[in-house]
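Going down the list, the protein sequences come from chains W and P. Note that the working numbering has the first sequence beginning at 68, numbered continuously upward. Note that the working numbering has the second sequence beginning at 195, numbered continuously upward.
Quick caveat, the hints were computed from the structure, so don't treat them as lab data. Backbone N, C-alpha and C define an ideal beta-carbon position, used for all residues, glycine too. Watch out, some of these pointers could steer you wrong.
[Stated by the list, open to error] Just so you have them, the derived chain W footprint on chain P, three or more residues with Cβ under 8 Å:
#	region
1	300 to 306
2	352 to 360
3	402 to 410
4	423 to 437
5	455 to 461
The primary structure of each chain is shown beneath.
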Amino acid sequence: MSFPVLRERAEVADDTVSVTVPHPRRRRARRGGSPWVAAAFAAPLVIYLLVFYLWPLVRSIDLSIHDYTVRAFVQGDAAFVGLDNYIAVITSPTFLPALTNTTLFVAVSLVFQYAIGLGLAVFFRSHFPLSGVLRGLFLVPWLLPLIVSGSTWSWMMNSDNGIINSVLRAMGAAPINWLTSPDTAMTAVIIANIWLGIPFNLVILYSGLQNIPADLYEAASLDGAGSWRQFWSITFPLLRPVSAITLLLGLVYTLKVVDIIWIMTRGGPADTTTTLAIWSYREAFGTGQPDLSPAAAVGNILIVIALVFGFVYLRAQRRQENS
Amino acid sequence: MNTKVLRLTAVLATATVAVGALAGCSGGTDTGGDASGTYTWWDPYPQHAEGSDWAKRVQDCGTQAGVTIQRTAYDTTALTNQALLSAQDGTSPDIILIDNPAVSTLADTGMLSTTEELGLDTSKIEPNLLAAGELDGKTYGIPIGANTLALYYNADVLSAAGVDPSSITDWATLDAALAKVSATGKKGISFSGINTEEGSFQFLPWFWGAGADLADLSSPQAVEALSLWKGWVDKGYAPNSVITNSQNTVWEEFLTGDFGFAENGTWQVNSAAKAPFKTGVIQLPAKDGGAAPAPTGGEFIVAPVQKDTARYETTRKIIDCMTTTEGFVQTADTFAYYIPPTEEGQKELLTEHPDLKTWVSAVQDAKGRTSDNLGTKYPLISEQLWTAVQNVLSGVQSPQQALDAAQTAAQAATSK
Chain W
68 MSFPVLRERA EVADDTVSVT VPHPRRRRAR RGGSPWVAAA FAAPLVIYLL
118 VFYLWPLVRS IDLSIHDYTV RAFVQGDAAF VGLDNYIAVI TSPTFLPALT
168 NTTLFVAVSL VFQYAIGLGL AVFFRSHFPL SGVLRGLFLV PWLLPLIVSG
218 STWSWMMNSD NGIINSVLRA MGAAPINWLT SPDTAMTAVI IANIWLGIPF
268 NLVILYSGLQ NIPADLYEAA SLDGAGSWRQ FWSITFPLLR PVSAITLLLG
318 LVYTLKVVDI IWIMTRGGPA DTTTTLAIWS YREAFGTGQP DLSPAAAVGN
368 ILIVIALVFG FVYLRAQRRQ ENS
Chain P
195 MNTKVLRLTA VLATATVAVG ALAGCSGGTD TGGDASGTYT WWDPYPQHAE
245 GSDWAKRVQD CGTQAGVTIQ RTAYDTTALT NQALLSAQDG TSPDIILIDN
295 PAVSTLADTG MLSTTEELGL DTSKIEPNLL AAGELDGKTY GIPIGANTLA
345 LYYNADVLSA AGVDPSSITD WATLDAALAK VSATGKKGIS FSGINTEEGS
395 FQFLPWFWGA GADLADLSSP QAVEALSLWK GWVDKGYAPN SVITNSQNTV
445 WEEFLTGDFG FAENGTWQVN SAAKAPFKTG VIQLPAKDGG AAPAPTGGEF
495 IVAPVQKDTA RYETTRKIID CMTTTEGFVQ TADTFAYYIP PTEEGQKELL
545 TEHPDLKTWV SAVQDAKGRT SDNLGTKYPL ISEQLWTAVQ NVLSGVQSPQ
595 QALDAAQTAA QAATSK
């Protein structure tokens with residue numbers, strides 16, 4: 068930039084300052100004057116948080132510590148049962164498999180979503196013709212309504228006339244009962260979920276990459292570092308804060324996944340794809356008789372799990388800031 | 195400091211909104227009209243918009259009773275939830291048309307008035323259809339029509355395989371027919387074994403047709419019925435996808451022309467007529483011959499309890515208007531898939547549409563899922579039943595193991 072431009076800016080800045088700085092005492096008086104105004108400005112946010120965050124949470128806890136049968140729900144006389152619902156949920160034969168399924172679903176999904184998302188982000192860092200268009204195309208899974216992508220996946224994975232099995236047959240391999248065999252159903256829904264999660268990881272990690280100064284790479288290549296070395300010594304460590312928040316958000320999103328599994332397998336066959344979220348949804352809405360209390364208990368257990376990871380993230384963040 | 199607090203709030207908030215949405219179902223409704231000249235009406239037919247024949251019929255019944263009807267249409271599952279919420283708020287509509295297995299669930303909450311309280315005459319309704327609305331000796335509504343399941347067949351596929359549909363009278367002859375169809379390279383049959391209510395709905399004709407009873411899921415008859423389905427999948431008569439098929443998927447498979455038979459409902463009559471091949475329909479056979487009872491589908495007209503009991507008089511008039519013989523036949527015509535629930539209505543429908551004969555007898559042989567005073571226990575039993583079907587078809591358990599487990603779980607759930 069040239070000098071005249073800078074000087075012009077400086078002059079304008081000087082003028083503005085001299086005109087707008089008010090008398091110190093007056094300023095103080097105005098600031099301390101009306102706490103009501105401050106409260107009024109905060110009110111919309113506070114009300115919003117109370118109505119949309121606190122109230123559902125309170126209601127969910129309320130549902131889980133009472134015995135809300137359908138009758139009690141209408142008549143409003145649900146008996147207080149304390150932690151009985153939680154005890155029933157945890158001792159239920161569905162709990163351990165559901166917890167295992169949730170862990171497997173979340174862990175495998177996150178690892179692959181993150182690894183593939185990061186790989187693609189690094190790939191798109193170097194601009195080449197049509198890279199923008201290609202990057203845009205990778206966002207498609209994000210833009211499609213879940214009912215569309217879920218139905219498409221279950222159609223592709225159909226045992227008899229799905230396209231995946233047609234390809235397998237054409238190559239001479241044995242077709243796989245993706246969604247109808249207890250051995251492969253979990254793999255099938257994880258594959259679909261990974262596909263869904265890649266765009267999210269790609270977008271956040273790609274924007275994180277933009278913040279890494281290009282001169283670091285220049286310096287590294289002058290020192291003779293290859294691209295592999297550059298990735299592990301520059302990209303990966305400098306991307307750590309962004310990676311952490313990506314993984315945390317991914318975790319929360321994946322924990323609560325209901326739609327894709329529900330559309331593809333409804334938690335079956337034989338509960339092999341029943342995660343905690345699916346279990347909660349099924350108790351509440353999946354049968355002819357809503358069981359709201361156990362559903363709320365399972366939902367609250369999920370909230371606690373998400374919170375625990377939130378705190379792990381906060382601690383890691385604090386340690387990094389201190390170091 | 196500030197950013198830390200903010201970040202903590204953000205983490206809390208994200209976690210809460212993420213999972214809270216699962217459990218916290220709430221919402222309000224204030225459509226319970228107080229204006230004396232306006233009566234509120236909910237039904238599960240959003241496909242019939244304002245200005246449609248159906249909407250006009252509803253309005254006509256209001257006009258005859260001297261009031262205006264404010265009609266709101268919901269999706270079937272949303273309707274039950276809305277009904278429960280409105281009852282909790284004390285803002286129930288005057289009339290609801292609700293899916294028959296939900297009647298006992300609503301009745302159990304005390305939110306429905308009985309037909310006796312309203313002064314409705316139910317003597318002409320076929321007892322097997324009315325049963326779904328009965329709980330502990332009281333009747334909570336009137337069916338406005340009924341539909342059920344039967345066996346559609348592809349006449350072209352059958353004649354190519356040398357199968358005469360009229361020869362299918364029991365399980366053995368059906369099995370033989372499926373073997374012949376499979377031998378020609380086509381698939382024998384498609385049905386829905388999905389792990390939702392639809393799966394139980396489709397399994398019940400075989401379950402009841404073997405002589406089993408919902409009170410005992412692990413009886414030898416029940417095992418026979420489930421072994422029949424498992425055998426079809428194992429022998430390749432039915433595709434493996436039946437495990438995840440919904441009834442709609444079954445129908446789509448049938449329309450490809452690659453199937454000999456498909457188990458499906460009255461609501462596909464029009465679609466079957468438009469199929470690119472010749473179709474026919476027979477009743478689902480029972481194990482040892484004769485027709486198996488299939489579960490009834492269709493809506494009941496019910497009247498939620500109102501604080502102002504003076505409204506019942508007009509409500510009764512509106513319901514009466516919907517449930518005359520003419521009214522039933524009109525409803526059947528409007529929807530093209532409803533069989534009237536009275537003998538007179540059925541006769542009149544048959545003079546207009548003689549081709550619906552199989553469906554009329556299927557409805558006469560049908561059985562309500564919540565009948566036998568199962569009421570609100572049915573959904574709990576049904577969940578165990580479809581779970582057992584899933585476990586067997588996917589090869590996790592043998593029919594006996596799965597049904598034993600289902601019976602134990604159903605007993606535990608219903609004795610709570």
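**Request:** Between the region 402 to 410 of chain P and chain W, see if three or more residues pass the 8 Å beta-carbon test, and mark the coverage as holds or violated.
**Result:** Violated: only 0 residues of the region 402 to 410 of chain P have a Cβ under 8 Å from chain W.
**Message:** Quick check: do three or more residues in the region 455 to 461 of chain P have a beta carbon closer than 8 Å to a beta carbon of chain W?
**Reply:** Per the Cβ count (0), the hint is violated.
**Prompt:** Do three or more residues from the region 423 to 437 of chain P put their C-beta atoms closer than 8 Å to C-beta atoms of chain W?
**Reply:** holds (count 4)
**Prompt:** In terms of beta carbon proximity below 8 Å, does the region 352 to 360 of chain P have 3 or more residues touching chain W?
**Reply:** violated (count 0)
**Message:** At least three residues with a C-beta closer than 8 Å to a C-beta of chain W: is that true for the region 300 to 306 of chain P?
**Reply:** holds (count 4)
Going down the numbered hints, you'll see the structure goes against 2, 3, 5, while the others check out.
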